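S.K.: Here are the chains, one letter per residue:
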Amino acid sequence: MRYDYVGVLIYMVLAVGFVLIGMTAQKYVSKFLRTNKPNAEKLSPYECGEEPVGGTSIRFNIRFYVMALVFIVFDVEVVLLFPWARVFTELYPFYRMALFWDMLIFVGILSLGLAYIWGKGDLEWVKSFRKHLSPAEQVARKPSKKEAA
Amino acid sequence: MIAILGIKLGDPAAWVFLAFAAVTCASALVVAASRNIIYSAYALLLTFFGVAGLYAFLDADFIAAAQLLVYVGGILVLILFGVMLTHKIREIKLSNETTNPIVGAAIAGFVFLALAYVSLYTNWDVVDRPASPTTGEIGKAFVGKYLLPFEASSVLLLGALIGAAYLARRDKEKA
Amino acid sequence: MHPLLNFAHDVLPFTKNWPDWILYGSLVFIVAFGILNTLVAPLTGISTYIERRLAGRAQYRWGPNRVGFRSMLDALPITRGIAKLGDMQPFKFIGSKIPGGLLQFAADGLKLFTKEDIIPAQADQLLFRGAPYVILAGSFAAFAVLPVSFHFRAVNLNIGIFYILGISSIVVPGILMAGWGSANKWALLGGMRAAAQIISYEIPVAIALMTAVMLAGTMNMADIVETQRSGYGMEKAGMLGWYAFRYGGLMLVPFVIYFIGGCAEVNRTPFDLVEGESELVAGYHTEYSGFRWSFFFMAEYSNMFAVGAIATTMFLGGPLPPYPVQFTESLFGPMGNLGMVLRFGEGFFWFFAKSYFFVLLMIHMRWTLPRYRIDQMMHLCWKVLIPIGLVWFVLMCGVKMVRMEMALPPEKDAVAEVHK
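Just so you know, the sequences run in chain order E, Y and W. Using my numbering, you'd call the opening residue of the first sequence number 7 and step up by one each time. Using my numbering, you'd call the opening residue of the second sequence number 80 and step up by one each time. Using my numbering, you'd call the opening residue of the third sequence number 386 and step up by one each time.
Hints listed in this document are in silico derivations from the structure and should not be mistaken for laboratory results. Quick caveat: nothing in here was measured; it's all calculated off a predicted structure. Mixed in with the good hints, there may be bad ones.
Below, simulated DSS-like cross-link-like pairs (lysine-lysine); rule was C-alpha separation at most 27 Å, straight line [claimed, not checked]:
#1 K48(E) / K37(E)
#2 K785(W) / K33(E)
#3 K48(E) / K496(W)
#4 K496(W) / K126(E)
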């Protein structure tokens, strides 16, 4: 089995070597074929030909982070369920229905979590904040453009 | 040192092991010592990869792939998102400050020696068996011996999910 | 003893004296090198050729039709005669079919090779240069376990499909590397979107694949293929044995979920909002140019092929032909070595035909469908695909359970047997 993982390693080394050889060739061989005249405008960030405005410190939607958090939970769920899926047919004659219930409880508890964050609106990419205000406030406050985005 | 650990240099497998161990340790050092937080995060990629390689080397194939799936695909991406979402993090020049180097080195050295002692002189339960697929064994343990931890882990995950969703909400909405 | 080693000892007797690890290492190296240079790189070229021709058709224009086969024939006096012959009346139906533009990808490669290599002044040199390595290593390593033909794959892993899920997650940090290293806000935004999209869609993809693993009872790619030989009570069932058509078509749902998720994981339309040119220029590889950019391109097209190949293996029988296998087995069986080569070629052909069907489908979708918005994309993943996938996983467990229950003795007897 160890052999096989050495095989995997060879694949990755080869992919890295492929890029390495390509880039080395680009650096030393195509030097004679290509231009190499960098100037300040060429080296500035590309923004469709306009002068770049501001730096890269832009504010991101916090949703990206929430998605990554939720992802990890479901990722671990999948990792734990894979061994179960692998042995289901093999062990069924011994455990019968109990095997099915094992999985159902596991998936059920996590579906509860999915239902919770779904219901609470955490899966919403565009959050409408109006929902969390009282009806009177909702009438008083029209959502500004910034909030809707 | 290498002789103590029982690594035979004539065996090519030993070289693969040493390469993975070296990658893991060196990149872990970069994680701790790099002054650029994004480099620390990317050194963590190599650390996770090296650890996965060590798992594969120990014939724990399922754990190795799970290590990549959860740590590289999940935890590392979360860390990177955290770094990239932080406002103006590019302007910060020094992210890892060094304080109390002597005490820290002493504690680290002590922990290292203790761990080395334990790992060298414990009577490990050495299993000398041919390599076999581990996934089936893990699955059998999940529905047999470790059924309760398996189900309990789903409750743990549920708690983590709800906690994560709660923390990420704005204060206004938490009520 | 590893089967690959046995094979080498049989075919090349002088290797018997070599240490196993050198032999195995060099064998896998040759296979991997072959796959990389005869499959991935040219496949990228052929896929781009097909894509551009189809794009031309979809938009009522020609696409690349100059550099390539026809112009090669015209280049030399002797072959020019053949080309002219092809234009004449009895052969005209062939001559008009000689495709032009087949070598456009080679010309493009040469062009990219001679382009100026620009690294933006503010870019993080290490991350900017490092990203192509990480991305290509992640996407190429998935090729290691694909069962290209019957009993043929470079690396035989017991965790096959799970390994693919794990190793391809290396791509996500690579994409963030490119996005952050470019010091360009569009690139960063594209990288963040791509990462969020890929990790989100990994869940429905994994659940769909898990359903097939549950039915097969193994994660080894080659063994999963073997379980699809039979079905509906038949020993050799042909295409009815493929998981997509088993259980009265119930498995079509995980199959479709996998395909949608796979399209999202390789950022193809309708999920190409990570490189939506109207808003983000080109996404995370905006700042890349020339040869360095071509590696992203290669990774994208080889990922497309990998998605098709995984769908083929898990749901469409991999190298198994759609007709029952005994048909060709009885034909090629008595032929000895030639028969073995023919059978290998048969599996190879079907594997590639099916995988390319998916590549063509993705290309067709690109020129047909509009692009999703990011909130629609997340909605589709978390509120449609994941719930359906989970419910279907439980449903298929139930179906499988009923099937196994019918095959087993009644529970009372089994209990009595234990107590005896």
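S.K.: Against this structure, judge whether each hint is valid.
M.R.: Here is what the structure says about each hint:
1. K48(E) / K37(E): Between K48(E) and K37(E) the Cα gap is close to 18 Å, so the pair holds against 27 Å.
2. K785(W) / K33(E): With a Cα-Cα distance of about 58 Å, the restraint between K785(W) and K33(E) is violated, given a limit of 27 Å.
3. K48(E) / K496(W): holds (19 Å)
4. K496(W) / K126(E): violated (53 Å)
When each numbered hint is compared with the structure, violations occur for hints 2 and 4.
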